[in-house]
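2 protein chains.
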Amino acid sequence: MREVAVIGVGLSPWGEVWESSLRTLWTQAAVSALADAGVDKIDAITVGSMAPGLYVGQEHLGALLADELGVAGVPATRVESACASGGVALKAAFAEIASGLADVMLATGVEKMTDVSGDECTAALAAAADAEQEVFYGATFPGLYAMMARAHMERWGTTREQLAEVAVKNHAHGALNPHAQFRQKITVEDVLNSAKIAEPLNILDCSPITDGAAAVVLAELSLAKKLAKGRPIVRIAGIGHATDRIALHSRVDMTTIPATTKAAQKAFSTAGRAPKDVNVVELHDCFTIAEIIVLESLGLCPPGEGGKQAPSGRTALGGALPTNPSGGLKSKGHPVGATGIAQIVELTTQLRGEAGPRQVAKARVALAQNMGGTGASSVVTVLEVAS
Amino acid sequence: MREVAVIGVGLSPWGEVWESSLRTLWTQAAVSALADAGVDKIDAITVGSMAPGLYVGQEHLGALLADELGVAGVPATRVESACASGGVALKAAFAEIASGLADVMLATGVEKMTDVSGDECTAALAAAADAEQEVFYGATFPGLYAMMARAHMERWGTTREQLAEVAVKNHAHGALNPHAQFRQKITVEDVLNSAKIAEPLNILDCSPITDGAAAVVLAELSLAKKLAKGRPIVRIAGIGHATDRIALHSRVDMTTIPATTKAAQKAFSTAGRAPKDVNVVELHDCFTIAEIIVLESLGLCPPGEGGKQAPSGRTALGGALPTNPSGGLKSKGHPVGATGIAQIVELTTQLRGEAGPRQVAKARVALAQNMGGTGASSVVTVLEVAS
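The listed protein sequences correspond, in order, to chains A and B. Numbers in the numbering used here are just positions in the first sequence, counted from 1, shifted up by 646. Numbers in the numbering used here are just positions in the second sequence, counted from 1, shifted up by 646.
Hint data in this document are derived by calculation from the structure and do not stem from the laboratory. Quantities reported herein were computed from a predicted structural model and do not represent experimental measurements. Among the hints, a few may not be true.
One copy or two, it doesn't matter: identical chains are merged, so the pair holds either way.
Said to hold, decoys possible - The list that follows gives simulated cross-link-like pairs (lysine to aspartate or glutamate, EDC-like), each with its CA atoms no further than 20 Å apart: (1) K912 to D689; (2) K922 to E766; (3) K954 to E866; (4) K875 to E649; (5) K871 to D686.
With these hints in hand, go ahead and build the complete structure from the sequences.
Shown next, in the form of structure tokens:
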């Protein structure tokens, strides 16, 4: 199997981007990644997007966006696994290069979420859950993650303050990231006093609604070395993808995410790495409880100790395991289809040593974890500086 | 690059299937394909589906359907390229096996289209066109293909009767297919006298709205040979995928589909084959004019002579180039995300010599052409009996 490296990264503006349409946001990210890579020819495109039909009345994003980029003709495919759509777009592009079907690919993600009302947006996101067994009965994602939080608190003694500490840390990181949607620092009191959404989660435990796009250029490793021009080469050392029972009530245990554990095992074994080797992490903190559970499910801390990680400083910049240096979904924003690709953008920037004030010192091995629904889909990627 | 073969095929019931939901249809096709292949373990799943969010309020089909099949845990990804979603699901699964990421894959397609009103269905299908540049101005697919038909008639002298002959032929084929949605034979007069939809297209020029699913099991070739149990092995000899300007008004020429030509060139060159080698074809006759244009774009007849193929008998069962022996989209039905996979089901059945009364004699090399929108996405696959 051929090896694959990331040779270019790009982001559109993220936030409530009223002045741009989906295609414009995507093209900004794509052009930026191609310029960063220094290539003007790509063999194929993947586009991760969760629900453009529901958000902007547009499916068929592959052809639409290849056309918008000015490369109509190039094979272009949308892939979707709810909020893990970016992760599966990366994996699909990885497979095409690994197989020899392509040498250079543009792997992207995009979501334009603010062109609909809040209720319509919640309904579109709910399409990641089981429509017949969860959504029809009134479940929404804040409600589902609230149940996971309550179960984790009950089982492991995780506290309301520990949840808040995740948001505080990620906002502190995001304050250093010019691409973040919310760059203000917040306090534990801010989180505790913010509007209640679904007990025990308040509004500042929730990632925001975001318009945005992200893109990475991938190349076969030997070609990547030729194109590197002295910059560090970031290799995809391992990628794992797994699913789980989709409905939360079908799971044996709501306090862990087995799809993330399975995907991580695959990614680590392919990379020949273990959790102890990881220097920097971007993970899917769609809600504060998610970061806590995911750290445990990845094997980056023991079961039940996820809540202690942010308060201890371990997962902050300067700690032993900086987690979500970009600000994470919480502060950087969460355009759902783009998130999995944006994680790779951040980690590539970190491994290149180009992250400026939020740079993680001596980052050589990085891990990205992206998930859909309440964890029914998960993609875990291990990135390394190639020697 | 590793070689890939089709080792099992399956279809759900197709039609207005009121008594089944999307997940039930899909699972029927998947179980049927796995039973046909004689395997009970798969490494990963791809699901082609165009607009389940708009049709049934459900995205995240990968995880949902892996769960429904009882294999939660297995990586499962939805892929989408409008009505070419099945084709890209095949290609994505092909890439995973070719790369070595998987040995056995389930490549599938599904659409549940009759749970919404006719207007909602037309709107969902329109999401395959350019929402901002076509749909907002009132374009729908019958209207867009009507313009293509008018342009083809104007340029090449194609007649209203020649369009009708395509529908007559495909219904004659579908009458022999127990899986077809509409099994009645029709006449040229029936077509000419049927309700007008978008001049010059009548209702009997249009493929129907269909609920249905299709599945194929793919395996690495040497493994496929071990599992064959004496049945012919159907190899994917070449697969091509291309895009084009998405909006019809952006194209230089409305009477040809360049994405199909590009995809075919790639598929033929990989297979080491030419149009003259093809014994049987399944192509994307979403409207009668589409079959005419696609035959030309594939190089299976000279430009401008597509209209003469059905009246001459060449593309009928018993002719030199039987086209759409299944009945095609017109008679077999067109659950949009499933169609590209169902074409592979039909051609595998033909190459195995298991097509019963619609069997094409001495079929050794087969071609499938699946497209999205007005041809902005196209996937062409060459299948062969492996020696």
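For each hint, the structure was consulted:
no. : hint         : verdict
1   : K912 to D689 : between (27 Å within a copy, 13 Å between copies)
2   : K922 to E766 : neither (42 Å within a copy, 52 Å between copies)
3   : K954 to E866 : neither (40 Å within a copy, 47 Å between copies)
4   : K875 to E649 : within (19 Å within a copy, 35 Å between copies)
5   : K871 to D686 : within (17 Å within a copy, 42 Å between copies)
Figure legend: structure checked against the earlier numbered hints; hints not met, in rising order: 2, 3.
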